[in-house]
Amino acid sequence: MSDDLIRLRRRYDHRERLDSVESSTAEASSAELKNLRDELAEVYKQKSRNDQSLIEANRKLDQHEAVLSNMTKERDKLLLENKKLCARISELECSLKKATDDKQSLYDEWIALSALLETKTNELMQLQQERLILINKIRDLNEQHANLFNTEVDQQQERRQRRIREEIAKACEDTSRDERANAALQQSTLPTGDVVLGDAVPHEVLSKAEVNEGEVYDVLWLSTDVYASGGSDKRVRIWRVDQRGRPSKMSTLVGCNNAVTRLDFDSESRLLLGASNDHGVRLWNVDNQRLVSSFMGHTDRVSSARFLSTHQVVSGSNDRLIKLWDVRSQRCVRSVFPGSTILDIVGIDRAAATFISGHFDRKLRFWDSRNQEPVHTMEMAGKVTSLNMSSDGVHVLCSTRDDTLSLMDVRKYQTVHIYSAEQYRTSSDLSRCVLSPGMEYCAAGAPDGNIFVWNIQSTKLEKVLHKGGHE
Numbered sequence: 001m002s003d004d005l006i007r008l009r010r011r012y013d014h015r016e017r018l019d020s021v022e023s024s025t026a027e028a029s030s031a032e033l034k035n036l037r038d039e040l041a042e043v044y045k046q047k048s049r050n051d052q053s054l055i056e057a058n059r060k061l062d063q064h065e066a067v068l069s070n071m072t073k074e075r076d077k078l079l080l081e082n083k084k085l086c087a088r089i090s091e092l093e094c095s096l097k098k099a100t101d102d103k104q105s106l107y108d109e110w111i112a113l114s115a116l117l118e119t120k121t122n123e124l125m126q127l128q129q130e131r132l133i134l135i136n137k138i139r140d141l142n143e144q145h146a147n148l149f150n151t152e153v154d155q156q157q158e159r160r161q162r163r164i165r166e167e168i169a170k171a172c173e174d175t176s177r178d179e180r181a182n183a184a185l186q187q188s189t190l191p192t193g194d195v196v197l198g199d200a201v202p203h204e205v206l207s208k209a210e211v212n213e214g215e216v217y218d219v220l221w222l223s224t225d226v227y228a229s230g231g232s233d234k235r236v237r238i239w240r241v242d243q244r245g246r247p248s249k250m251s252t253l254v255g256c257n258n259a260v261t262r263l264d265f266d267s268e269s270r271l272l273l274g275a276s277n278d279h280g281v282r283l284w285n286v287d288n289q290r291l292v293s294s295f296m297g298h299t300d301r302v303s304s305a306r307f308l309s310t311h312q313v314v315s316g317s318n319d320r321l322i323k324l325w326d327v328r329s330q331r332c333v334r335s336v337f338p339g340s341t342i343l344d345i346v347g348i349d350r351a352a353a354t355f356i357s358g359h360f361d362r363k364l365r366f367w368d369s370r371n372q373e374p375v376h377t378m379e380m381a382g383k384v385t386s387l388n389m390s391s392d393g394v395h396v397l398c399s400t401r402d403d404t405l406s407l408m409d410v411r412k413y414q415t416v417h418i419y420s421a422e423q424y425r426t427s428s429d430l431s432r433c434v435l436s437p438g439m440e441y442c443a444a445g446a447p448d449g450n451i452f453v454w455n456i457q458s459t460k461l462e463k464v465l466h467k468g469g470h471e
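Residue numbers (the working numbering): 1 to 471.
FYI, nobody ran anything at the bench for these hints, they're computed from the structure. Don't take each hint at face value.
[What the hints assert, rightly or not] Restraint-style ranges between C-beta atoms, simulated for each label pair:
{"id": "1", "residue 1": "310", "residue 2": "248", "range": "45 to 55 Å"}
{"id": "2", "residue 1": "334", "residue 2": "402", "range": "26 to 36 Å"}
{"id": "3", "residue 1": "412", "residue 2": "458", "range": "14 to 24 Å"}
{"id": "4", "residue 1": "108", "residue 2": "296", "range": "39 to 49 Å"}
{"id": "5", "residue 1": "310", "residue 2": "458", "range": "20 to 30 Å"}
{"id": "6", "residue 1": "88", "residue 2": "58", "range": "23 to 33 Å"}
{"id": "7", "residue 1": "152", "residue 2": "415", "range": "17 to 27 Å"}
{"id": "8", "residue 1": "457", "residue 2": "124", "range": "26 to 36 Å"}
[To be verified] In the PhoX-like style, the derived pairs of lysine-lysine whose C-alpha atoms are separated by at most 20 Å in a straight line are:
{"id": "9", "residue 1": "363", "residue 2": "412"}
{"id": "10", "residue 1": "208", "residue 2": "170"}
{"id": "11", "residue 1": "103", "residue 2": "120"}
{"id": "12", "residue 1": "234", "residue 2": "249"}
{"id": "13", "residue 1": "83", "residue 2": "73"}
{"id": "14", "residue 1": "137", "residue 2": "120"}
Just so it is clear, the structure is predicted and the values come from calculations on it, not from any experiment. Glycine included, each C-beta is placed from N, C-alpha and C at the ideal position.
Go ahead and model the full structure; you've got the sequences and the hints to work with.
Next up, the structure:
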């Protein structure tokens, strides 16, 4: 377009020069000049239109370049995202392959474990059958063991009866003994029919006797004149006390293979229960001195065993298990794991089969024999070594290793009184405490051989028994 404009300009200039030189031809070329002027005007118009088109084209070019730049950026962004997605796809493909391999491995393991489970199930069934056979054998052996002891008891009883018959025969032959006995009774100043109401604090030793060949761990009164003792010599002995307080041995109960730690009797005082360090509990008939049952199942020393009812027994052991036993079937009906060594157990209400256990972790746990968890838990100031229940079933006396005794209300789970003395010490985990029958006094022994007696209501130390007592 510019070249055409230049040519037209040149032609126009050339024409003007010709006009000036050749004036004669002006009129002839005026028409041509007009045409040239019109053509030049048209060229200017065309140039203006072309400039406008160029401006519009440049504007559109800028717009397209901006769009292109945005699209380029978007493309780069999408390429980067595509690269990330490709990498993610590769990772997922690897993960999928690994998961597929793991699934196959797990499936193979499942097949193998299923086969192993079936094998072990068959072995378990076989072992259970063998266990039942062994249990029956153990029961038979226990019965044989009991029969052997009962045979020995029968022999001892027969020898005792024979000796008694011989003594009776001699006594019948010698009537002078009756005369001497009547004379001694007439000269005696001891009361023969006095009735004492309430509890009394002893002041001196009435009698002293060696009842076991070794340490004595527990003493239990069966009646007003009969008591049982058990200790490290593996035997339980039944003693009768005469009017002068002198004990005479009635019978010896055997069957334990280690020390006897705790004694208890049923409501009729006909069955005697003994816990032992041989991991078992024994049950004897006091009337005929026969071993009735042996409850074996603990894996450590049995620290305590009590009657919950005539047909139910509870035992606690150092294996941190409490076991409930059925006397008739001689089997464990329930095991409870409190998580701490049991040092003593005492029954609350035999009708409701509730009991309390004292533990190494300083806690008292209150139980209902129908539940696996304790009904209530109380934390004491020290390890609980001994428990003694009141005759009314409302209070329990607790001995702890912090050198105190505590009287607890089992209905409110509260401490009623605490008893202590300057010289009193709790010597070991076998230290025992006791309540008097009338709930007026409580007592406990100390390592120096003294016995401390406190008033229940006032918590006053009433007496320290030491003269002529334990060494």
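Hint by hint, here is what the structure shows:
1. At roughly 29 Å, the beta carbons of residue 310 and residue 248 sit outside the given window of 45 to 55 Å.
2. Range check, residue 334 to residue 402: Cβ separation about 32 Å, and the 26 to 36 Å hint holds.
3. The supplied range of 14 to 24 Å is met by residue 412 and residue 458, whose beta-carbon atoms lie about 21 Å from each other.
4. Taken as a hint, the range 39 to 49 Å holds for the pair residue 108 and residue 296, whose Cβ atoms sit roughly 45 Å apart.
5. Here the CB-CB span from residue 310 to residue 458 is close to 38 Å, at odds with the stated 20 to 30 Å.
6. At roughly 44 Å, the beta carbons of residue 88 and residue 58 sit outside the given window of 23 to 33 Å.
7. Look at residue 152 against residue 415: about 48 Å separates their beta carbons, and that is not inside 17 to 27 Å.
8. In this structure the supplied range 26 to 36 Å is violated for residue 457 paired with residue 124, their Cβ-Cβ distance being about 60 Å.
9. At most 20 Å may separate the alpha-carbon atoms for a hinted pair to count; residue 363 and residue 412 meet this at roughly 16 Å.
10. For the proposed pair residue 208 and residue 170, the alpha carbon gap of about 30 Å is over 20 Å, so the pair is violated.
11. Pair hint residue 103 plus residue 120 does not hold up; C-alpha atoms about 24 Å apart against a cutoff of 20 Å.
12. Restraint check for residue 234 and residue 249: the C-alpha separation of about 16 Å stays at or below 20 Å, so the hint holds.
13. Using a Cα cut-off of 20 Å, the hinted pair residue 83 and residue 73 holds, with the two alpha carbons roughly 15 Å apart.
14. At roughly 25 Å between alpha-carbon atoms, residue 137 and residue 120 are farther apart than 20 Å, so this suggested pair is violated.
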